Amino acid sequence: MKKVGFVGLGRMGSGISQQLIRHGYELTVFDINEKNAQQFADQATIAANLDQVLNSSDVIFLSLPGSPQVEETVGHFLSYGVTGKTIIDLSTSYPLSSKKLYEQVKSAGGQFADASLTGTPVHAREGNLIVTMGGDEQTYEQCLPMMKTFASRGIYYVGGPGAGNVAKLANNYLSIMYVALYAEIFPLAEKLGLDTEKLFEIIGQSGVNCAMYQSNAAKIVRKTYEPSFSLDLALKDLSYVKKLFEEYQIPSFVLEGGLTLLQLGHLKGYGDKDLSEMARVTREIMKME
Numbered sequence: 002m003k004k005v006g007f008v009g010l011g012r013m014g015s016g017i018s019q020q021l022i023r024h025g026y027e028l029t030v031f032d033i034n035e036k037n038a039q040q041f042a043d044q045a046t047i048a049a050n051l052d053q054v055l056n057s058s059d060v061i062f063l064s065l066p067g068s069p070q071v072e073e074t075v076g077h078f079l080s081y082g083v084t085g086k087t088i089i090d091l092s093t094s095y096p097l098s099s100k101k102l103y104e105q106v107k108s109a110g111g112q113f114a115d116a117s118l119t120g121t122p123v124h125a126r127e128g129n130l131i132v133t134m135g136g137d138e139q140t141y142e143q144c145l146p147m148m149k150t151f152a153s154r155g156i157y158y159v160g161g162p163g164a165g166n167v168a169k170l171a172n173n174y175l176s177i178m179y180v181a182l183y184a185e186i187f188p189l190a191e192k193l194g195l196d197t198e199k200l201f202e203i204i205g206q207s208g209v210n211c212a213m214y215q216s217n218a219a220k221i222v223r224k225t226y227e228p229s230f231s232l233d234l235a236l237k238d239l240s241y242v243k244k245l246f247e248e249y250q251i252p253s254f255v256l257e258g259g260l261t262l263l264q265l266g267h268l269k270g271y272g273d274k275d276l277s278e279m280a281r282v283t284r285e286i287m288k289m290e
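When we follow this note's numbering, the leftmost residue of the sequence shown carries the number 2, and every step to the right adds one.
I should point out that these hints are in silico values taken from the structure, not numbers from a laboratory. All values derive from a computational prediction rather than experimental measurement. There may be inaccurate statements among the hints.
As the list claims (entries may be wrong) - With a straight-line cut-off of 16 Å between C-alpha atoms, the simulated EDC-like cross-links for lysine to aspartate or glutamate are:
1. Lys-192 with Glu-290
2. Lys-100 with Asp-59
3. Lys-224 with Glu-257
4. Lys-269 with Asp-233
5. Lys-243 with Glu-227
6. Lys-107 with Glu-185
7. Lys-224 with Glu-185
8. Lys-274 with Asp-233
9. Lys-100 with Glu-138
10. Lys-107 with Asp-52
11. Lys-269 with Glu-247
12. Lys-224 with Glu-191
13. Lys-288 with Glu-185
14. Lys-149 with Glu-127
15. Lys-224 with Glu-247
16. Lys-274 with Glu-227
17. Lys-244 with Glu-227
18. Lys-3 with Glu-27
19. Lys-192 with Glu-285
20. Lys-101 with Asp-59
As the list claims (entries may be wrong) - Okay, the calculated beta carbon distance ranges per label pair:
21. Gly-82 with Ala-212: 41 to 49 Å
22. Phe-246 with Arg-12: 27 to 35 Å
23. Gly-82 with Ala-171: 53 to 61 Å
The C-beta atom is built at its ideal place from N, Cα and C for all residues, glycine as well.
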């Protein structure tokens with residue numbers, strides 16, 4: 002069985018690591034936040050630095066905030082040598098960055114793949130994530146048994162380097178924009194005097210109803226804003242989508258409104274809150290808070 006390294010033990014990474022350990026994999030783990038790493042003290046080898054992860058592992062998973070952190074980490078590995086190593090980036094990264102890292106790692110004798118995740122920290126803890134993977138199909142086949150430990154809802158090879166990121170960003174773009182729509186219309190309906198609970202129930206009987214509607218529109222109507230996915234992460238993902246439109250000189254008409262709403266939320270200090278708090282921004286604009 003291959004020795005596995007894991008870098009990034011946040012809400013997603015910790016759950017995935019637990020699943021790998023439960024399925025018998027020997028892990029060497031690292032996180033810049035020592036507290037995150039210490040939860041694995043009796044279950045895995047806690048690395049003092051990235052070098053130890055690299056030296057102790059055949060396959061290294063990354064679960065990091067975004068491309069800047071991924072580029073820095075992979076750059077460090079490249080400086081020490083990655084011959085025979087496989088690096089799998091589970092982060093929601095910028096696709097063109099992933100393409101460059103793939104080329105750099107492959108030319109240095111290693112393997113690199115982007116394997117973006119769909120799901121929540123609860124799905125990670127339960128092993129019920131979805132993976133969309135880009136890179137070499139051989140890398141996909143080699144890593145499939147490991148990924149099955151934490152992605153029971155499906156592991157999909159979707160194409161060459163960066164393709165896994167594109168698939169994930171498409172999913173996140175749609176889901177984030179759904180929430181932006183709810184965040185705009187329900188405060189307006191409330192301002193116009195409607196019973197938004199009743200409106201929520203009526204719309205829930207129509208073709209608009211979906212899992213995103215039931216979870217996120219409910220938070221907005223009831224003003225609970227339970228944390229699930231942070232506003233700043235949503236802003237990061239839409240910013241990546243915006244960069245792709247710009248890279249290919251394509252206008253992004255609908256995207257602009259959602260991006261502006263997220264940027265306002267960030268400026269108002271809601272970045273670490275749930276993205277449904279976009280509704281607080283529209284409520285403030287409407288002078289309802």
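Here is what the structure says about each hint:
1. Lys-192 with Glu-290: 11 Å, holds
2. Lys-100 with Asp-59: Not OK: Lys-100 and Asp-59 at ~21 Å, beyond 16 Å, violated.
3. Lys-224 with Glu-257: Not satisfied, since the Cα-Cα distance of roughly 25 Å exceeds 16 Å.
4. Lys-269 with Asp-233: 12 Å, holds
5. Lys-243 with Glu-227: With a Cα-Cα distance of about 27 Å, the restraint between Lys-243 and Glu-227 is violated, given a limit of 16 Å.
6. Lys-107 with Glu-185: Not satisfied, since the Cα-Cα distance of roughly 46 Å exceeds 16 Å.
7. Lys-224 with Glu-185: 13 Å, holds
8. Lys-274 with Asp-233: 8 Å, holds
9. Lys-100 with Glu-138: With Cα atoms ~15 Å apart, Lys-100 and Glu-138 stay inside 16 Å; holds.
10. Lys-107 with Asp-52: 19 Å, violated
11. Lys-269 with Glu-247: Not satisfied, since the Cα-Cα distance of roughly 26 Å exceeds 16 Å.
12. Lys-224 with Glu-191: 12 Å, holds
13. Lys-288 with Glu-185: Holds, because 13 Å separates the two Cα atoms, which is no more than 16 Å.
14. Lys-149 with Glu-127: Holds: Lys-149 and Glu-127 sit about 12 Å apart, inside 16 Å.
15. Lys-224 with Glu-247: 35 Å, violated
16. Lys-274 with Glu-227: 9 Å, holds
17. Lys-244 with Glu-227: 29 Å, violated
18. Lys-3 with Glu-27: Between Lys-3 and Glu-27 the Cα gap is close to 8 Å, so the pair holds against 16 Å.
19. Lys-192 with Glu-285: 11 Å, holds
20. Lys-101 with Asp-59: At roughly 21 Å apart (the allowed maximum being 16 Å), Asp-59 and Lys-101 break the hint.
21. Gly-82 with Ala-212: 41 to 49 Å: Cβ of Gly-82 to Cβ of Ala-212: about 45 Å, so the range 41 to 49 Å holds.
22. Phe-246 with Arg-12: 27 to 35 Å: At roughly 29 Å between Cβ atoms, Arg-12 and Phe-246 fall inside 27 to 35 Å, so the hint holds.
23. Gly-82 with Ala-171: 53 to 61 Å: Once the Cβ atoms are compared, 35 Å apart, the range 53 to 61 Å for Ala-171 and Gly-82 is violated.
Taken one by one, the earlier hints fail for this structure at numbers 2, 3, 5, 6, 10, 11, 15, 17, 20 and 23, listed in ascending order.
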